[in-house]
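The residues making up each chain are set out below.
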Amino acid sequence: MEIGVCSNKNGAFIKLDPRSKLLLLITISIIMIGARTVEVEGVLRLICAAIPLVLLLSIREYKASFIYLLLLGSALICEKHIAPYTHGICNIVLMMICGLITRFVAGYMMGWYTVKSTSVSEFITAMERMHCPSFISIPMSVMFRYFPTLSEEYKSINDAKRMRELGHPFSQPLTYIEYILVPLMMSTVRIADELSAASLSKGLSAGEKRTHICEVSIRPLDVFAITGTMVMFVLFLVY
Amino acid sequence: MIEFKNVSYSYNVVDADGNAVDKGGVSNINLNIADGEFVVLTGGSGCGKTTITRMINGLIPHYYKGTMSGTVKIDGKDISERPIYETAKNVGSVFQNPRSQFFNVNTTDEIAFASENQRREPVDIKMSISETASSMAIERLLNRNIFELSGGEKQIVACAGINVLSPDVIVLDEPSSNLDFYAIERLKEILQNWKAQGKTVIVAEHRLFFLRELADKLLIMQNGEIVQELDKEKISTISSAETEKLGIRPLRLDDLKAEFQHREQSDITITLENFCFTYSDGEHGIDIPELEVPSKSVIAVIGHNGAGKSTLARNICGLEKRFKGVMRYGKKTLKNKDRLHNCYMIMQDVNHQLFTESVKDEAVLSITDKSLSEEEKEKKALDILSQLDLNEYADIHPMALSGGQKQRTAIASGLASEKEVMIFDEPTSGLDLSHMKQVSDELIKLRKLGKTVFVVTHDLELILSCCDRVVRLEKGTVMENYDICENNISKLKAFFGKEAM
Amino acid sequence: MEKKFEIKDLITVGVFSALYSIVMFAVACLGFIPILMVFMPLLCPLVAAIPLMLYFSKIKHFGMITITGTLIGILMFIIGHPYPILIFCIGAGLLTEVVLKMGNYQSIKHCVAASAVFSLWFLGMVIAFFFSFRDAYFASILDGYGQEYVDAMKSYTPTWVFFAMIIMCLVGGTVGGLLGAKVLKKHFRKAGMA
Numbered sequence: 001m002e003i004g005v006c007s008n009k010n011g012a013f014i015k016l017d018p019r020s021k022l023l024l025l026i027t028i029s030i031i032m033i034g035a036r037t038v039e040v041e042g043v044l045r046l047i048c049a050a051i052p053l054v055l056l057l058s059i060r061e062y063k064a065s066f067i068y069l070l071l072l073g074s075a076l077i078c079e080k081h082i083a084p085y086t087h088g089i090c091n092i093v094l095m096m097i098c099g100l101i102t103r104f105v106a107g108y109m110m111g112w113y114t115v116k117s118t119s120v121s122e123f124i125t126a127m128e129r130m131h132c133p134s135f136i137s138i139p140m141s142v143m144f145r146y147f148p149t150l151s152e153e154y155k156s157i158n159d160a161k162r163m164r165e166l167g168h169p170f171s172q173p174l175t176y177i178e179y180i181l182v183p184l185m186m187s188t189v190r191i192a193d194e195l196s197a198a199s200l201s202k203g204l205s206a207g208e209k210r211t212h213i214c215e216v217s218i219r220p221l222d223v224f225a226i227t228g229t230m231v232m233f234v235l236f237l238v239y
Numbered sequence: 001m002i003e004f005k006n007v008s009y010s011y012n013v014v015d016a017d018g019n020a021v022d023k024g025g026v027s028n029i030n031l032n033i034a035d036g037e038f039v040v041l042t043g044g045s046g047c048g049k050t051t052i053t054r055m056i057n058g059l060i061p062h063y064y065k066g067t068m069s070g071t072v073k074i075d076g077k078d079i080s081e082r083p084i085y086e087t088a089k090n091v092g093s094v095f096q097n098p099r100s101q102f103f104n105v106n107t108t109d110e111i112a113f114a115s116e117n118q119r120r121e122p123v124d125i126k127m128s129i130s131e132t133a134s135s136m137a138i139e140r141l142l143n144r145n146i147f148e149l150s151g152g153e154k155q156i157v158a159c160a161g162i163n164v165l166s167p168d169v170i171v172l173d174e175p176s177s178n179l180d181f182y183a184i185e186r187l188k189e190i191l192q193n194w195k196a197q198g199k200t201v202i203v204a205e206h207r208l209f210f211l212r213e214l215a216d217k218l219l220i221m222q223n224g225e226i227v228q229e230l231d232k233e234k235i236s237t238i239s240s241a242e243t244e245k246l247g248i249r250p251l252r253l254d255d256l257k258a259e260f261q262h263r264e265q266s267d268i269t270i271t272l273e274n275f276c277f278t279y280s281d282g283e284h285g286i287d288i289p290e291l292e293v294p295s296k297s298v299i300a301v302i303g304h305n306g307a308g309k310s311t312l313a314r315n316i317c318g319l320e321k322r323f324k325g326v327m328r329y330g331k332k333t334l335k336n337k338d339r340l341h342n343c344y345m346i347m348q349d350v351n352h353q354l355f356t357e358s359v360k361d362e363a364v365l366s367i368t369d370k371s372l373s374e375e376e377k378e379k380k381a382l383d384i385l386s387q388l389d390l391n392e393y394a395d396i397h398p399m400a401l402s403g404g405q406k407q408r409t410a411i412a413s414g415l416a417s418e419k420e421v422m423i424f425d426e427p428t429s430g431l432d433l434s435h436m437k438q439v440s441d442e443l444i445k446l447r448k449l450g451k452t453v454f455v456v457t458h459d460l461e462l463i464l465s466c467c468d469r470v471v472r473l474e475k476g477t478v479m480e481n482y483d484i485c486e487n488n489i490s491k492l493k494a495f496f497g498k499e500a501m
Numbered sequence: 001m002e003k004k005f006e007i008k009d010l011i012t013v014g015v016f017s018a019l020y021s022i023v024m025f026a027v028a029c030l031g032f033i034p035i036l037m038v039f040m041p042l043l044c045p046l047v048a049a050i051p052l053m054l055y056f057s058k059i060k061h062f063g064m065i066t067i068t069g070t071l072i073g074i075l076m077f078i079i080g081h082p083y084p085i086l087i088f089c090i091g092a093g094l095l096t097e098v099v100l101k102m103g104n105y106q107s108i109k110h111c112v113a114a115s116a117v118f119s120l121w122f123l124g125m126v127i128a129f130f131f132s133f134r135d136a137y138f139a140s141i142l143d144g145y146g147q148e149y150v151d152a153m154k155s156y157t158p159t160w161v162f163f164a165m166i167i168m169c170l171v172g173g174t175v176g177g178l179l180g181a182k183v184l185k186k187h188f189r190k191a192g193m194a
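Chains as they are written, first to last, in our numbering: chain X, 1 to 239; chain Z, 1 to 501; chain E, 1 to 194.
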């Protein structure tokens with residue numbers, strides 16, 4: 001799990017502030033779940049479905065865009081042209097699956113875009129600009145930093161486990177879980193200790209404000225995105 | 001100016017039964033370190049040298065809980081009365097474990113981190129970063145994922161962060177323990193630079209050879225006290241025989257001797273065939289069509305970072321699933337799966353390979369012989385433990401042991417599984433002289449038990465004290481493969497750089 | 001409030017939130033096996049409660065578990081889960097805080113109860129299939145399919161399933177909490193690490 005390490009996404013032709021991305025995320029998830037498929041709301045849905053596609057293309061995530069299009073397209077076709085010809089349980093299952101896809105995939109794709117296009121430090125800087133207190137932002141950075149560490153730890157634990165030919169996931173699930181979780185938990189305790197010591201000695205403190213070399217700023221494109229979502233929101237509420 | 005006046009300290013820890021006990025620390029330290037002085041602290045594990053570094057950067061008494069008496073002052077200010085982020089302005093720290101000393105994932109963020117905490121202007125910090133990057137020639141390390149860097153590169157990033165902050169005092173706690181000789185050479189340059197800039201540098205270390213030309217003062221500690229002080233002149237002339245008497249690692253490598261008494265060769269050979277493997281990044285990997293080594297001997301695998309040592313070790317163990325190479329051991333041909341049965345690796349971080357709740361269970365768990373009853377297994381486990389001087393810890397949780405004892409527990413479980421080939425990944429990183437010797441004795445013992453031992457190592461002292469054969473890798477291929485004997489010593493030493501010649 | 005947290009606390013929150021959510025994800029991956037999918041609200045909290053119990057043993061301050069709830073909420077939200085997840089995560093965090101507080105952050109019994117309560121955030125992931133969210137969905141298909149069809153659909157996804165999930169979460173959290181307590185005793189006390 002590697003969440004945007006480097007901020008220089010070369011060649012991205014749309015650069016959004018993390019704050020705009022968050023706003024887009026929330027708008028998309030509200031409208032896609034709540035809106036109906038006809039009239040103004042139908043148009044809103046269409047826009048919300050298109051936004052993640054455009055954004056994904058802008059950071060050259062062609063594979064993700066393709067999968068998104070494929071999922072959405074097949075779900076729509078299925079909903080309109082295949083499901084009506086089926087009956088009973090089959091029909092229900094098809095409708096459920098299509099319903100889930102058309103309503104949630106846009107949100108997940110927007111999430112994928114956010115994760116792929118934002119570096120941890122951009123995200124934290126943006127959070128602090130939104131007056132997010134340090135008791136949220138510090139654990140947040142630690143959490144993102146600890147994901148890759150966890151995956152390294154897991155790999156070595158798994159290697160060790162294989163070398164000793166221990167624990168089969170199906171015949172002894174509890175032992176299997178114990179042999180993975182306990183060493184991971186031990187590492188976590190130890191790393192929390194060492195990381196705290198290192199951070200303190202580098203002058204991190206819970207009460208004091210810090211500066212950021214990372215730049216986030218609201219640009220014209222963000223203003224556009226923000227007003228756009230506002231308008232969509234108002235329209236959604238009015239209709 | 002750093003002043004220690006009658007300083008004593010003991011850590012408050014909770015033991016296995018839940019009782020609070022005092023442990024380790026230092027007693028009665030009186031020490032003055034002048035501005036611009038370069039001081040090296042050394043001594044066996046638990047001698048108190050790390051405690052001293054923690055008192056300088058303020059982690060004691062602000063982070064570690066314990067009982068302290070006496071005062072530590074930097075430039076006349078009492079450390080215990082200053083908040084730790086104030087101290088952090090003047091004192092930079094580099095730690096031993098690159099895995100846990102970074103707060104950020106991105107290298108540039110990490111280099112800026114300490115300065116950001118001091119609320120310096122972002123523009124200002126960025127300027128310092130680019131200056132540091134060009135003066136240390138590390139432009140290619142900027143804006144990278146820290147998890148992609150080698151141990152040496154990580155340590156350089158840590159040093160770059162200190163350069164950007166530019167404190168007057170720098171403490172380093174065993175900075176070289178995960179580094180190869182190239183990286184140590186780099187570290188030495190950086191230290192040299194700091195010294196030239198007039199910074200006060202305090203290094204707590206076991207490996208001393210790279211500090212010989214830098215140190216103004218060498219303090220040897222034992223049981224929390226400073227027992228001996230060497231001055232600059234003594235440091236530059238002391239021989240390896242003398243340092244060994246003092247119980248510390250040598251300050252020079254050129255006069256090290258190999259011990260040749262245990263070299264009867266086995267006539268069965270181990271052949272690695274078609275050991276070719278590339279990681280998915282396409283860059284790293286190994287390409288070894290054939291490698292022949294004697295069995296029942298200790299084989300050192302050397303090479304610089306990225307030469308493919310750990311890839312070789314992993315493949316000998318059969319850990320890479322899509323690997324096609326085979327090992328021929330005498331008449332047997334071992335494929336991936338068979339090697340998992342027959343090889344056992346003691347990892348650099350042994351914490352990852354201990355799973356059970358007591359040392360005895362750890363050995364019992366590895367006994368795969370189904371014909372044995374529970375009692376027989378237990379007896380066999382206890383036998384193995386006594387071979388490794390572990391019987392008194394049989395019922396203790398492995399995680400409550402010291403590093404060396406954990407390592408021996410892992411060896412015990414390897415012996416219990418009756419595997420023929422044992423691989424050690426950097427078994428002596430961060431070990432003092434006596435523990436290094438202990439490891440070397442263990443390797444010799446394993447050889448006498450008829451095991452074939454591969455040791456991936458950067459430690460010349462270890463190689464000279466127990467290995468029979470050297471395999472040198474470079475860029476994934478075998479460059480050299482020779483027995484250690486009088487004629488080959490210079491070849492071996494040449495690899496370890498001009499320090500060793 | 002800010003002054004009360006030490007760096008050590010905040011870093012503990014960070015690493016354990018990471019461990020907790022990774023374990024959660026790992027178990028959730030089993031959900032691709034269709035039969036197990038139904039039991040996810042039981043299995044996920046069950047396994048994730050083991051590291052959670054270790055985390056509880058490290059908590060000495062008011063607020064840490066609420067932060068964890070918030071962090072998990074934000075994480076789930078930015079990877080694209082619908083917004084109710086935020087409310088559920090923060091809510092579960094606060095409730096857990098209360099339970100832990102009642103046990104003075106020490107009692108094992110309260111920790112087990114707390115682990116059951118905390119697992120309720122999981123419902124935030126499925127809430128979108130129920131209640132008013134479901135009605136909105138049906139309203140949206142009403143335009144194309146007619147009332148009869150919608151009624152048939154509704155009968156297949158009854159609201160009681162949601163309550164069954166609440167019970168699964170609580171049971172999973174409790175059993176996991178008990179397992180976690182056992183692991184703590186077996187390993188961490190003995191190793192002097194808890």
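Derived from the structure by calculation, the hints contain no laboratory data. Hints may be right or wrong, so weigh each one.
[Claimed, not checked] No farther apart than 16 Å at their CA atoms in a straight line, the calculated lysine to aspartate or glutamate pairs in the EDC-like style are these:
{"id": "1", "chain 1": "X", "residue 1": "209", "chain 2": "E", "residue 2": "6"}
{"id": "2", "chain 1": "X", "residue 1": "155", "chain 2": "Z", "residue 2": "349"}
{"id": "3", "chain 1": "E", "residue 1": "4", "chain 2": "X", "residue 2": "194"}
{"id": "4", "chain 1": "E", "residue 1": "58", "chain 2": "X", "residue 2": "193"}
{"id": "5", "chain 1": "Z", "residue 1": "370", "chain 2": "X", "residue 2": "194"}
{"id": "6", "chain 1": "Z", "residue 1": "5", "chain 2": "Z", "residue 2": "225"}
{"id": "7", "chain 1": "E", "residue 1": "8", "chain 2": "X", "residue 2": "165"}
{"id": "8", "chain 1": "E", "residue 1": "190", "chain 2": "Z", "residue 2": "86"}
{"id": "9", "chain 1": "E", "residue 1": "190", "chain 2": "Z", "residue 2": "395"}
{"id": "10", "chain 1": "Z", "residue 1": "234", "chain 2": "Z", "residue 2": "259"}
{"id": "11", "chain 1": "Z", "residue 1": "337", "chain 2": "X", "residue 2": "165"}
{"id": "12", "chain 1": "Z", "residue 1": "65", "chain 2": "X", "residue 2": "165"}
{"id": "13", "chain 1": "X", "residue 1": "161", "chain 2": "Z", "residue 2": "320"}
{"id": "14", "chain 1": "E", "residue 1": "185", "chain 2": "Z", "residue 2": "395"}
{"id": "15", "chain 1": "X", "residue 1": "209", "chain 2": "Z", "residue 2": "361"}
[As the list claims (entries may be wrong)] Heads up, incomplete: computed chain X residues facing chain Z, CB under 10 Å, no partners named:
{"id": "16", "residue": "63"}
{"id": "17", "residue": "147"}
{"id": "18", "residue": "165"}
{"id": "19", "residue": "168"}
{"id": "20", "residue": "172"}
{"id": "21", "residue": "183"}
{"id": "22", "residue": "194"}
Built from N, CA and C at the ideal position, the CB exists for glycine as well.
Hint check:
no.	hint	in the structure
1	X/209 - E/6	14 Å, holds
2	X/155 - Z/349	12 Å, holds
3	E/4 - X/194	21 Å, violated
4	E/58 - X/193	12 Å, holds
5	Z/370 - X/194	42 Å, violated
6	Z/5 - Z/225	13 Å, holds
7	E/8 - X/165	37 Å, violated
8	E/190 - Z/86	38 Å, violated
9	E/190 - Z/395	10 Å, holds
10	Z/234 - Z/259	27 Å, violated
11	Z/337 - X/165	11 Å, holds
12	Z/65 - X/165	40 Å, violated
13	X/161 - Z/320	14 Å, holds
14	E/185 - Z/395	15 Å, holds
15	X/209 - Z/361	50 Å, violated
16	63	17 Å, violated
17	147	9 Å, holds
18	165	7 Å, holds
19	168	14 Å, violated
20	172	12 Å, violated
21	183	6 Å, holds
22	194	4 Å, holds
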